[in-house]
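Novice: Turn these sequences into a full structure, and let the hints steer you where they fit.
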Amino acid sequence: MLTRDGHSPTCAPWDGAPSALHDARATHLPYAPLCGGALYLRNPQTGYSTTLEWTANFLRNNVWGGDMIVGLVKDTIMRDAYSQAAVAEPASPDAGASGLAASIDLVPAASRHPTVRSRIGLHLDGTPPGKMDLGAWYQVHGVPGVFASAMAPSALDTSILNGPGTTNPLDRVEAHSMDYMVAFDLSKFDLGYALGTQHPGLGWSPRAPASVRDASLPGPDGIKSPAPLVPLGMIDPALAPSLVATFTAGFKRRHGAFEDGPLSRVNHGSHYGFVEQGVVLSTLQPGLSTLFVLDDGSLHLKTWSADDNALLPHIRFARQNGVPLLERNPDGGTGVPGSEVTSWLGGNWSGSADLRLRTLRSGACLLKTPTARYLVFGYFSTATPSAMARTFEGYGCTYAMHLDMNALVHTYLALYPGKGSATPIEHLIPGMAAADKRDGNGHPMARFVDYPDNRDFFYLLRRPG
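Using this note's numbering, the first residue of the sequence shown is number 392, and each one after it goes up by one.
Note that these hints are calculated values from the structure, not bench results.
Zero decoy hints are in this set.
In silico lysine-lysine, DSS-like type, Cα no more than 30 Å apart, as pairs:
#1 Lys759 to Lys693
#2 Lys759 to Lys579
#3 Lys643 to Lys693
#4 Lys828 to Lys643
#5 Lys693 to Lys615
#6 Lys615 to Lys643
#7 Lys693 to Lys579
#8 Lys579 to Lys522
#9 Lys828 to Lys615
#10 Lys759 to Lys522
Here are the in silico distance ranges between beta carbons for each label pair:
#11 Leu608 to Asp516: 49 to 55 Å
#12 Ser410 to Ser696: 45 to 51 Å
#13 Pro815 to Gly428: 21 to 27 Å
#14 Asn832 to Ala697: 49 to 55 Å
#15 Pro505 to Pro609: 50 to 56 Å
#16 Pro435 to Gly521: 40 to 46 Å
#17 Gly407 to Pro628: 22 to 28 Å
#18 Leu620 to Ala701: 22 to 28 Å
#19 Lys828 to Arg656: 38 to 44 Å
Please read these numbers as outputs of a predicted model, since none were measured by experiment.
The beta-carbon is built from N, C-alpha and C at its ideal position, and this holds for glycine as well.
Specialist: Written out as structure tokens, the structure reads:
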């Protein structure tokens, strides 16, 4: 018996020969409708991968030394491939950091606010296309409750760059490279999380030391596959009308465990955990930075502890990604750089073997104002964890975590302005459109929405009313 719109019809999709369930399987659709669309059957899919991802996976899985080849390309050809230098522009007479920020309850970042050339792909109110004042917040046109900002770490106040906590000095490239923030007012949106068809995966990470692996198990949680559950790398079609944004969720299992340091020696190497729709698919590990949503819809960012396991009956979604970029300040207010921000192995920040950590990266932070809470997605065109931590600190974030790195497909964020918009998909960076599949007529399709993807992702839905 189902209840929908005040009615409670009965439905038995297993009855008949062939049954409705049989027919739904035969469609091979990712979500095959049943019971007049009241239910969907998930059919297994091969998620979409870009050519870049496919090539990297092929090398790693089929060529001797393939992982080393991929690493060499990342460390040389791709290292600063997405870097955008901050270039000054004449100021716009009708836009300013202080006036705009006051109108949306988001104070400007603690920085200088010169006008610079912007390559952001979002349509913004209060500034001409291609121009932004560093540190200012701008309303994203046609998407209430979503705001965007730009920053170059060199513009941050010295009180931030030389503030509490330990970070490495910023080199000239990352100091003058553009970073973009997108803030979501959490009073207006709900956050969800979904696994991709292939990633993050449930087997052993090759990074976990052999000494902490149990050879009798296929993975740290005793499983290597989510079957009979069917992850699809796309949202439920019933949620599509409320969809506002999607962004990639984090590291693959291959990179989601510790090779060295204290966390490598406990809990089978401390593989990054995740929860979808209340199902703990991979254990949430103590000491790891965790973004999670409770069954009351509230969103939280914190370093997981053993005591937090008491929350598991109430967790709807969760994703872990390494150790924190910003930790809670015991005195309250803005967070402080995490204790492992400067440690290559202790932080599991990836990068090259000679400790060169500067590359394209993304992260997320929690930002609180006197009247609202914001989830902030950060895109860093080339940065080390130190630059990320200080930038999030400059915006006043209370806690921040790493998401992913090295390619636009891994640091992807898209907005969906909705009806009346001339652009149904807006990408944070225009080049992210290359990660979207195209239909038979060459028209763009929305990643994570119109077709299954191999990667896991977060999504934001408009709250009713």
